[in-house]
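Chains A and B, in that order, are what the protein sequence lines are.
Heads up: the first sequence begins at 1 in the numbering used here, then just goes up one per residue.
Heads up: the second sequence begins at 118 in the numbering used here, then just goes up one per residue.
If you're looking for bench data, these hints aren't it; they were derived computationally from the structure.
Everything numeric in this text was worked out from a predicted model, so none of it was measured.
One or more hints might be untrue.
Claimed, not checked - Think about it this way: if two alpha-carbon atoms lie no more than 25 Å apart in a straight line, the pair counts; the simulated SDA-like pairs of lysine to any residue are: (1) B/K167 <-> B/S209; (2) A/K57 <-> B/Q186; (3) B/K154 <-> A/K15; (4) A/K22 <-> B/Q118; (5) B/K143 <-> A/Q44; (6) A/K57 <-> B/K176; (7) A/K22 <-> B/K143; (8) B/K176 <-> A/K22; (9) A/K15 <-> A/G104; (10) A/K52 <-> A/K15.
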Amino acid sequence: AAGVIQSPRHLIKEKRETATLKCYPISRHDTVYWYQQGPGQDPQFLISFYEKMQSDKGSIPDRFSAQQFSDYHSELNMSSLELGDSALYFCASTPQGGIYGYTGELFFGEGSRLTVL
Amino acid sequence: QQPVQSPQAVILREGEDAVINCSSSKALYSVHWYRQKHGEAPVFLMILLKGGEQKGHDKISASFNEKKQQSSLYLTASQLSYSGTYFCGTESADAGGTSYGKLTFGQGTILTVHP
């Protein structure tokens with residue numbers, strides 16, 4: 001079965017530019033999470049969506065926004081990029097947000113590496 | 118608040134055992150363990166829920182002491198494939214167990230297994 005698909009895998013942007021990352025969850029997974037991982041750092045939770053509604057918010061800058069669409073894919077939009085935004089951005093998905101079907105396992109995509117110059 | 122992992126790094130020979138600890142100052146609902154190889158996605162190992170439990174599969178097991186808000190990951194008879202960075206991720210109890218997947222990760226423990 002196909003896993004979580006993220007695109008693009010690599011992205012290079014200049015400061016103050018914008019970037020959009022896409023995430024396609026595993027089929028029948030209706031909950032999507034975004035994590036940011038800086039070099040040598042642990043993953044930091046940004047935001048999550050369940051059934052197209054924002055379910056939780058973490059340390060996501062105001063310059064970033066995200067949404068989940070009717071087909072459950074999600075996009076993370078980043079504007080006014082800063083050097084510190086350079087990181088690996090992971091999307092993860094789980095089936096059926098809530099206790100029904102949630103086993104605790106986050107299925108991570110391979111990540112999108114953003115480099116801001 | 119970020120859980121604290123110890124040790125920060127471990128170097129083993131194949132076949133040796135290791136213990137990685139994860140400690141939180143907050144009451145926890147669950148503890149998750151992940152392994153990440155360089156440049157790759159984190160891979161789920163197991164989840165332990167409050168109530169204090171122990172879990173395991175193959176040669177990797179873990180325990181969760183709810184009273185101490187501590188979890189330990191046990192790796193026995195290590196293999197080369199065990200090398201990577203191990204993260205514990207926690208869900209706080211004050212979320213009532215509803216913050217599914219909103220994890221606060223520890224800083225990671227780098228495990229290196231040599232032949």
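Report task. Mind listing which of the numbered hints don't hold for this structure, in increasing order? Result -> Of the numbered hints given earlier, those the structure breaks are 3, 4, 6, 7, 8, 9, 10, listed in rising order.
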